[in-house]
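Participant: Keeping their order, the protein sequence lines are chains A and B.
If you read the first sequence in my numbering, its first letter stands for residue 1, the second for the next number, and so on.
If you read the second sequence in my numbering, its first letter stands for residue 1, the second for the next number, and so on.
It should be emphasised that the hints constitute simulated quantities derived from the structure, not laboratory data.
Hints are not guaranteed to be accurate.
Derived SDA-like pairs (lysine to any residue); straight-line CA-CA distance at most 20 Å [stated by the list, open to error]:
{"#": "1", "chain 1": "A", "residue 1": "Lys62", "chain 2": "B", "residue 2": "Asn215"}
{"#": "2", "chain 1": "B", "residue 1": "Lys11", "chain 2": "A", "residue 2": "Val54"}
{"#": "3", "chain 1": "B", "residue 1": "Lys15", "chain 2": "A", "residue 2": "Met25"}
{"#": "4", "chain 1": "B", "residue 1": "Lys15", "chain 2": "A", "residue 2": "Ile60"}
{"#": "5", "chain 1": "B", "residue 1": "Lys224", "chain 2": "A", "residue 2": "Ser61"}
{"#": "6", "chain 1": "A", "residue 1": "Lys65", "chain 2": "B", "residue 2": "Lys11"}
{"#": "7", "chain 1": "B", "residue 1": "Lys15", "chain 2": "A", "residue 2": "Ile49"}
{"#": "8", "chain 1": "B", "residue 1": "Lys224", "chain 2": "B", "residue 2": "Arg140"}
{"#": "9", "chain 1": "A", "residue 1": "Lys62", "chain 2": "B", "residue 2": "Arg225"}
{"#": "10", "chain 1": "A", "residue 1": "Lys59", "chain 2": "B", "residue 2": "Ile16"}
{"#": "11", "chain 1": "B", "residue 1": "Lys224", "chain 2": "A", "residue 2": "Ile60"}
{"#": "12", "chain 1": "B", "residue 1": "Lys15", "chain 2": "A", "residue 2": "Glu66"}
{"#": "13", "chain 1": "A", "residue 1": "Lys59", "chain 2": "B", "residue 2": "Tyr223"}
{"#": "14", "chain 1": "B", "residue 1": "Lys15", "chain 2": "A", "residue 2": "Gly48"}
{"#": "15", "chain 1": "B", "residue 1": "Lys224", "chain 2": "A", "residue 2": "Arg58"}
{"#": "16", "chain 1": "B", "residue 1": "Lys15", "chain 2": "A", "residue 2": "Tyr55"}
{"#": "17", "chain 1": "A", "residue 1": "Lys65", "chain 2": "B", "residue 2": "Arg225"}
{"#": "18", "chain 1": "A", "residue 1": "Lys62", "chain 2": "B", "residue 2": "Val228"}
{"#": "19", "chain 1": "B", "residue 1": "Lys11", "chain 2": "A", "residue 2": "Ala51"}
{"#": "20", "chain 1": "A", "residue 1": "Lys59", "chain 2": "B", "residue 2": "Asn215"}
{"#": "21", "chain 1": "B", "residue 1": "Lys11", "chain 2": "A", "residue 2": "Ile56"}
Simulated restraints, written as ranges between beta carbons of each label pair [as the list claims (entries may be wrong)]:
{"#": "22", "chain 1": "B", "residue 1": "Asp38", "chain 2": "A", "residue 2": "Val38", "range": "22 to 30 Å"}
{"#": "23", "chain 1": "A", "residue 1": "Val38", "chain 2": "B", "residue 2": "Leu99", "range": "16 to 24 Å"}
{"#": "24", "chain 1": "B", "residue 1": "Asp38", "chain 2": "A", "residue 2": "Lys62", "range": "51 to 59 Å"}
{"#": "25", "chain 1": "A", "residue 1": "Ala43", "chain 2": "B", "residue 2": "Val66", "range": "31 to 39 Å"}
{"#": "26", "chain 1": "B", "residue 1": "Asn115", "chain 2": "A", "residue 2": "Lys3", "range": "54 to 62 Å"}
Every residue, glycine too, gets a C-beta built ideally from N, C-alpha and C.
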Amino acid sequence: MTKTALTTFFILLMAVSAVQAQTEMADTMRANGKIYVVVVVLATIFAGIFAYLVYIDRKISKLEKEQ
Amino acid sequence: MQKFSILRMRKWWWKIASAVLVVYTIVAGFLMPVPRLDILNETIRNLYFHVPMWFTMLVLFTGAFVYSIKYLRTGDLMSDICASQLTYTGILFSVLGMLTGMEWGQYTWGAAWSNDPKQLCTAILMLIYFAYSILRSGLRDDEKRAKISAVYNVFAFAMVVPLIFVLPRMVDSLHPGNGGNPAFAKYDLDSGMRMVFWPANAGWILLGVWIATLNIRLGFIRYKRESVL
Numbered sequence: 001m002t003k004t005a006l007t008t009f010f011i012l013l014m015a016v017s018a019v020q021a022q023t024e025m026a027d028t029m030r031a032n033g034k035i036y037v038v039v040v041v042l043a044t045i046f047a048g049i050f051a052y053l054v055y056i057d058r059k060i061s062k063l064e065k066e067q
Numbered sequence: 001m002q003k004f005s006i007l008r009m010r011k012w013w014w015k016i017a018s019a020v021l022v023v024y025t026i027v028a029g030f031l032m033p034v035p036r037l038d039i040l041n042e043t044i045r046n047l048y049f050h051v052p053m054w055f056t057m058l059v060l061f062t063g064a065f066v067y068s069i070k071y072l073r074t075g076d077l078m079s080d081i082c083a084s085q086l087t088y089t090g091i092l093f094s095v096l097g098m099l100t101g102m103e104w105g106q107y108t109w110g111a112a113w114s115n116d117p118k119q120l121c122t123a124i125l126m127l128i129y130f131a132y133s134i135l136r137s138g139l140r141d142d143e144k145r146a147k148i149s150a151v152y153n154v155f156a157f158a159m160v161v162p163l164i165f166v167l168p169r170m171v172d173s174l175h176p177g178n179g180g181n182p183a184f185a186k187y188d189l190d191s192g193m194r195m196v197f198w199p200a201n202a203g204w205i206l207l208g209v210w211i212a213t214l215n216i217r218l219g220f221i222r223y224k225r226e227s228v229l
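In isolation and in its complexed conformation, chain B is listed as follows (with noise of 0.2 Å):
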């Protein structure tokens, strides 16, 4: 089982940090002077909390493929268990990204859902991920379920791409950084800013890292006892 990275950090040192660096993205990003802007006003300050989660995601499915693909190459059923423990990990955040999205969407956009494209292509994003869940759910055998669900996950970040980095900004979009809208860059400008943006990320990585360490933990527990019966 050692021999599984994710597993050698059951140490507690970054599990520490990670709390100390939401709390004080809680402390700062409250506190802290932030650029004034029209419209959206003390909203800019949701900026700490709401793209972390998508940052979460983004490197949760990152690691749900390097071990999909790890899966493929060795067919060891303990790199499936990371896989899709990560997926799942990964599917939590988009969720809570999406709400915060809509939340702050709602009293600055004006509406929850405006059909902006970032929005349409995350919630296609969301959609190939819980499909994801579902097709595991209805394979029984595990090495069929493994197989089949690897393939489909290389398939699914493969769609990641296109899905975040390039559609929305092909056309004009509500989101910073996109069409005709201010860059992110301009945010990243206030250097206030990148002082609590960073670490707010940072934090938020680690602390899903965390959690899905603890599914994929409870996946092996599982999966021994299982095989044992």
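Okay, chain A solo, but in the shape it has when bound (with noise of 0.2 Å):
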């Protein structure tokens, strides 16, 4: 009993330091799909850039018709 229990923990021991010797990367974050919120709201903020972008542009179109 007591040799499963130590065969398990030191596999259990050598599962996290495998794991912890590889480089520390957003993986978590990118399966949970929380990765997407910040997407989506720097998709947001360009699609506000891109349409102030336009509404400019317009805006100077007219003042050259205007001349």
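Assembling the complex is the task here: the two chains are given apart, and the hints tell you how they should meet.
Facilitator: Quick look at the structure:
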């Protein structure tokens, strides 16, 4: 019994150290899907900037026509 | 006014293309797999956003250089407006590139400013172009301002090449591709990153040119109003 427990413990320890040996990346964040929130936020900001640029562009076109 | 090729870019398709490319950069830049590198970790994704600022700045300054020479050849004030607005928009992108670089450096190199040769050279370059805008604002006469700033711009652009492409490569630097550091080509070898990196550059360059054309068109309107009065 103790032998099995010890083996399990060491296997777990090895697994943990193997995980830690890997370079840390935001894998869980991407796996959970939370990173999509960041993508959506950034895409929203950029959509706002794009819409504003379109607005200015059309305004300038109007000014050009007035002259 | 139509003879200015930059204004023939009043079409919409390339502006929409810039938006599509930048949105693609944001989505793919965050979600596509990247190489696992120590220290850099996920910040390697900054490559998709920090480097295009400098590429855009270079394109805008190159355009300003071309229009400065055009002004010196023709003496047409419209070329001067193009050159100055391209330079101002380029300055905006250089500031964005510098700030994003400092933010990135804070968490990977340990300090926002580490006197890295590339940081120093781009800082000098930015000061040269800041001086351009101060020089212009100090001159009232249109012709004089156009001529002096066009000559200054040619010399300023002549400094771009040694400051960005030559000097940082001659000394050790923290930037990739300099001194003993892994080259830029190492990232390029990762075809996954290349699929995001080049569209990112194209998208941001188009966006920068768009902003510059808006400024140029405003400059034309302002000039016409002043000459009517």
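Participant: None of the hints should be skipped; say for each whether it holds.
Facilitator: Verification of the supplied hints:
Of the supplied pair hints, the one linking A:Lys62 and B:Asn215 holds, its CA atoms being roughly 15 Å apart against a limit of 20 Å. Simply put, B:Lys11 and A:Val54 have alpha-carbon atoms about 12 Å apart, close enough for the 20 Å limit, and the pair holds. In summary, the hint linking B:Lys15 to A:Met25 is not supported, as the alpha carbons are separated by about 35 Å, beyond the 20 Å threshold. Restraint check for B:Lys15 and A:Ile60: satisfied, since their Cα atoms lie roughly 15 Å apart, inside the 20 Å limit.
Distance hint between B:Lys224 and A:Ser61 is fulfilled; the C-alpha atoms sit about 15 Å from each other, no more than 20 Å. Distance restraint check for A:Lys65 and B:Lys11: the Cα-Cα separation of roughly 16 Å lies within the 20 Å cut-off, and the hinted pair is therefore satisfied. Between B:Lys15 and A:Ile49, the direct Cα distance comes to roughly 12 Å. Compliance with the 20 Å bound is thereby established for this hinted pair. With a C-alpha separation of about 16 Å, the suggested pairing of B:Lys224 with B:Arg140 holds against the 20 Å cut-off.
A threshold of 20 Å between alpha carbons decides the hint, and for A:Lys62 with B:Arg225 the separation of about 15 Å falls inside it, so the pair holds. As the CA atoms of A:Lys59 and B:Ile16 are separated by approximately 17 Å, the hinted pair is consistent with the 20 Å bound. For the suggested pair B:Lys224 and A:Ile60, the alpha carbons sit about 14 Å apart, so the restraint of at most 20 Å is met. With a C-alpha separation of about 23 Å, the suggested pairing of B:Lys15 with A:Glu66 is violated against the 20 Å cut-off.
Restraint check for A:Lys59 and B:Tyr223: the C-alpha separation of about 17 Å stays at or below 20 Å, so the hint holds. For the proposed pair B:Lys15 and A:Gly48, the alpha carbon gap of about 14 Å is at most 20 Å, so the pair holds. Proximity of B:Lys224 to A:Arg58 is assessed by CA-CA distance (about 19 Å); at most 20 Å being required, the pair is judged to hold. Straight-line distance between C-alpha atoms of B:Lys15 and A:Tyr55 comes to about 13 Å, which keeps the hinted pair within the 20 Å bound.
Under the criterion of a C-alpha separation no larger than 20 Å, the hint pairing A:Lys65 with B:Arg225 is consistent with the structure, at around 13 Å. With a CA separation close to 19 Å, the supplied pair A:Lys62 and B:Val228 stays within the 20 Å bound. A C-alpha spacing of about 16 Å is found between B:Lys11 and A:Ala51, which places the hinted pair at or below 20 Å, so the restraint holds. Between A:Lys59 and B:Asn215, the direct Cα distance comes to roughly 12 Å. Compliance with the 20 Å bound is thereby established for this hinted pair.
At most 20 Å may separate the alpha-carbon atoms for a hinted pair to count; B:Lys11 and A:Ile56 meet this at roughly 15 Å. For the pair B:Asp38 and A:Val38, the beta carbons lie near 23 Å from each other, so the given range of 22 to 30 Å is met. For the pair A:Val38 and B:Leu99, the supplied restraint of 16 to 24 Å holds, since their beta-carbon distance comes to about 19 Å. Range check, B:Asp38 to A:Lys62: Cβ separation about 54 Å, and the 51 to 59 Å hint holds.
Here the CB-CB span from A:Ala43 to B:Val66 is close to 34 Å, well matched to the stated 31 to 39 Å. A C-beta distance of roughly 59 Å is found between B:Asn115 and A:Lys3, which places it inside the suggested range of 54 to 62 Å.
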